Amino acid sequence: EVQLVESGGGLVKPGGSLRLSCAASGFTFSRYSMNWVRQAPGKGLEWVSSISSSSSYIYYADSVKGRFTISRDNAKNSLYLQMNSLRAEDTAVYYCARDSSGYPDPNNWFDPWGQGTLVTVSS
Amino acid sequence: QSVLTQAPSASGTPGQRVTISCSGSSSNIGSNYVYWYQQLPGTAPKLLIYRNNQRPSGVPDRFSGSKSGTSASLAISGLRSEDEADYYCAAWDDSLSGWVFGGGTKLTVL
Numbered sequence: 008e009v010q011l012v013e014s015g016g017g018l019v020k021p022g023g024s025l026r027l028s029c030a031a032s033g034f035t036f037s038r039y040s041m042n043w044v045r046q047a048p049g050k051g052l053e054w055v056s057s058i059s060s061s062s063s064y065i066y067y068a069d070s071v072k073g074r075f076t077i078s079r080d081n082a083k084n085s086l087y088l089q090m091n092s093l094r095a096e097d098t099a100v101y102y103c104a105r106d107s108s109g110y111p112d113p114n115n116w117f118d119p120w121g122q123g124t125l126v127t128v129s130s
Numbered sequence: 032q033s034v035l036t037q038a039p040s041a042s043g044t045p046g047q048r049v050t051i052s053c054s055g056s057s058s059n060i061g062s063n064y065v066y067w068y069q070q071l072p073g074t075a076p077k078l079l080i081y082r083n084n085q086r087p088s089g090v091p092d093r094f095s096g097s098k099s100g101t102s103a104s105l106a107i108s109g110l111r112s113e114d115e116a117d118y119y120c121a122a123w124d125d126s127l128s129g130w131v132f133g134g135g136t137k138l139t140v141l
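Residue numbers (the numbering used here), protein chains in the order written: chain C, 8 to 130; chain G, 32 to 141.
No wet-lab data here; the hints were simulated from the structure.
Bear in mind the structure is a predicted one, so any value in this text is a computation, not a measurement.
Among the hints, erroneous ones may be present.
[As the list claims (entries may be wrong)] Derived coverage of chain G by chain C (criterion: at least 3 residues anywhere in the stretch with Cβ under 8 Å from a Cβ of chain C; other residues may be distant): (1) 38–52; (2) 81–92; (3) 130–137.
Idealized CB from N, CA, C, for every residue including glycine.
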């Protein structure tokens with residue numbers, strides 16, 4: 008069974024940092040591009056970042072560019088999101104989602120999604 | 032403000048057919064595929080429709096997608112109580128070089 012499990016969320020002060028992890032199982036992780044998507048409380052979905060299977064191609068939403076860094080460790084079947092200079096507006100549930108191919112592409116889709124991890128930025 | 036525009040709510044009675052719309056622009060829906068995700072209460076999103084009108088295995092044929100120009104629609108026929116959820120459209124935006132989502136439509140089954 009394909010499974011994605013996020014962890015690392017929690018309460019952090021504005022300006023602080025946090026590192027999210029996504030543990031993948033049930034598929035060959037190194038063959039797939041991966042994504043982070045977030046959802047603020049009571050709000051809609053917002054794409055955050057994508058990384059290709061070999062980490063050669065990385066994309067960020069303008070709202071997080073320069074503050075967040077996506078990475079992966081194919082040997083550990085894990086995806087990461089390093090979040091720095093956190094702001095109140097970064098408060099959200101962060102989901103990792105598998106891409107349908109090894110390279111981020113408009114022809115791809117996100118499936119499956121993990122259960123999410125909550126990040127709260129507040130003083 | 033989401034790049035793709037969806038009505039915030041929709042409703043229907045069991046057995047009815049409902050349509051959820053998604054409006055975009057030439058840089059997203061107009062030039063790329065549209066995807067639909069279903070989010071049941073308290074759960075993670077789930078892929079419902081890919082590449083405008085394709086259903087993943089396991090998704091009932093009551094769900095169908097279409098696209099015309101810079102707009103897309105999700106139709107649900109034979110509405111059931113378990114269809115009550117939030118529905119999001121998504122597409123790649125060439126100008127932003129990233130994925131954009133609609134604000135979501137909350138479907139209520141009366």
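Hints, one by one, checked against the model:
| no. | hint | verdict |
| --- | --- | --- |
| 1 | 38–52 | violated (count 0) |
| 2 | 81–92 | holds (count 3) |
| 3 | 130–137 | holds (count 6) |
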